[in-house]
Amino acid sequence: MAATGVSTNQSVALKRTLNFGLQLLGALLIIVLVPIAFGMQWRNFEPLLDGITLRFLLFGVVATVVVSLVAIILSLPLATGLALGRLSPIAAVRWPSIAIVEVVRSLPLLLVIFYVNLRFPLIDKLENLKLGNPDSFFGIELDRLLSRGALAVAIALTVYTAAVNAELLRSGINSLDRGQTEAARSLGLTYWQTMRLVILPQAFQRILAPLIAQFTILVKDTSLGSIIGFVELQRRAVILYQRDFNPMEALFVVALIYFAVNYLLGLTSKLVERKRPSVHVTVPEF
Amino acid sequence: MFDLSADYWSLIGQGVLITLWLTLVSWVVALLMGILLGVLRQAPVGILRAVAAGYTEFFRNIPLLTVLFFIYFGVPNTGIRINAINSAIIGLSLYTAAYVGEVVRAGLGTVSKGNIEASRSLGLSFLQSMRYVQMPQAVRAAIPPLGTLLIALLKNTSLASQVTVADLFFQADFVGNRTFNPDILLIAGAIYVALTLPLGATVNLAEKRWAIQR
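Each protein sequence line maps, in turn, to chains A and B. Letter 4 of the first sequence, counting from 1, is numbered 4 in the numbering used here, and no numbers are missing. Converting from the second sequence to the numbering used here requires adding 1000 to each position, the first position being numbered 1.
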C-alpha cells in the first residue's frame, strides 16, 4: 500500500511538472510566434530598450501594482461587511447587501471608473495637488500616483472588487461546517465574537488562493485607468508609441510585462492553493 | 434630471444595438474558438496541447484593453485594414476564447475516464469520441461558467468604446459630455444591469433544464 501511495504521489508530481512545462513552452511559443506573424521589426523595439524608457516602463508596473494593492486591501473590509450582510438573518440588512453586490457586479467597470472620476465627492480638488518635486524623476512619479486619475481608479476598483470579494467570502463562509458556528455560539460567544474569532479567520484562509487570483484581475483592470489619465503601464505604452510610431511593438512589450507580472501572481496563487486547498469558487475570474 | 431630447435617446438606443451586436458576434466566434482550444488541450499531439495552453495562459494574463489597442492601432501598420467594429469583435473574441477554452477544458475534465476509454475501445477515433461522448457531457457541465463568461463579455464590450466603436457606453459618454451631465452614465448603467440580470436568470434556468442528473 505504502509503495503505491508513493508512486501515485510521484506520478502526480510528474504530471504537474509536465503540465507546467507544457504551458510555459506554449506561452513562449506564442511570444515568439506573434512578432513573426505580425512582421514586427527589431528597429521598432530598439527605442524601447534604452535606460530611461525602461525605467519609465518599470515605474508603470509600480503604479499598476500599487493601485491594485491599495484597491484589494481597501476592498476587504467592505467585502466582509457585504458578505456578512448578505448572510444576515435580518431582511433589512440582507436585501440591500444583495442589491449592492448584484448591481455593482453587473455594471461594466469602465462605467464605474468614469462615474467615480466625474462625480465622486471632492475628487476634483485633487487636480492641483502637487506634492512631489517636479524636477526630480521620483517627484514626477509620486505625483502620477497621487493624481486624480489614480485616485478615481483606486476608488472604483475598491468598490468593484468589494462586490466580487463579498461573493468569494460568502462562499468561503458557507463552505465552513455549520458545527463551527453552533459550537462557538454554545460556548457563549456572541455573534460578532463568533465571526471575528472563529468564522472569518477560517473563511479568509480558504479564500486566500482565489484572492490572489483576483489580484491578477485587478492588475489587468487598472489598465482602464489609462483612459481617464492615470499614467500606468498601458498608458505608458500609448505615450511611447506616440513618440516612436511603433504601436505594435510597444503594446506587445507592455503585454509581455503584464503577462510576466500576472503569470508570477498566478503561480503564487497555485502554490498557496497547494498548501491550503481553497473552496471551490463560483465567482467568475474575468 | 434626465429630460433628454429624442435625438439623444435615439443615440443611446443605437448604442444598445451595437453593444448587443458586439456581444452576439464575439460570443459566437469565442465559443467556436474556445471549443477548439478546449479540445486541443486534450489532443494526442504534444505541440498542439502546448500551443493551446500557451494561448490560454497568454490571453488570460494580459488586459483586454491592450489587445484591443494592439488590433485597432497596431495591426494596420502591417497594411491590413480593419474597421473599428470588426477589430473590436476580433479583440473581444480572441480574449474571451481563452476563457471559454479553459471552461471547456474543465468541462471535459468532468467526463469520467471510463467513458473515454470505453468509447475509444469501441473503435471511435479521438474526434468521434469527442463529438459523440465527451462534448455532450462537457457542454452541459460548462453551462453555468459559460453563462458568467457571456455576462462578462457583455460588460467587456464597453471597452470597445475606446477604439471608437459607438456602443452603449460610448453614446452615454458622448451624450453626457454634450449635455454637461455625467449622470447620463447612470442611464447606461441601468441598461447594462437590465441586460445582464435577465441574462443571469436565463443561465440559471438553462442550468436547471440541461443539468446532468447525477
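Treat the hints with care, since some could be wrong.
[Unchecked claim] Heads up, simulated DSSO-like pairs for lysine-lysine below, C-alpha to C-alpha not over 27 Å straight-line:
(1) A:270 - B:1208
(2) A:15 - A:270
(3) A:15 - B:1113
(4) B:1113 - B:1208
Keep in mind that the hints were calculated from the coordinates and are not lab data.
Results of checking the hints against the structure:
1. A:270 - B:1208: violated, 31 Å
2. A:15 - A:270: holds, 15 Å
3. A:15 - B:1113: holds, 16 Å
4. B:1113 - B:1208: holds, 25 Å
Hint compliance for this structure: hint 1 is the single one not met.
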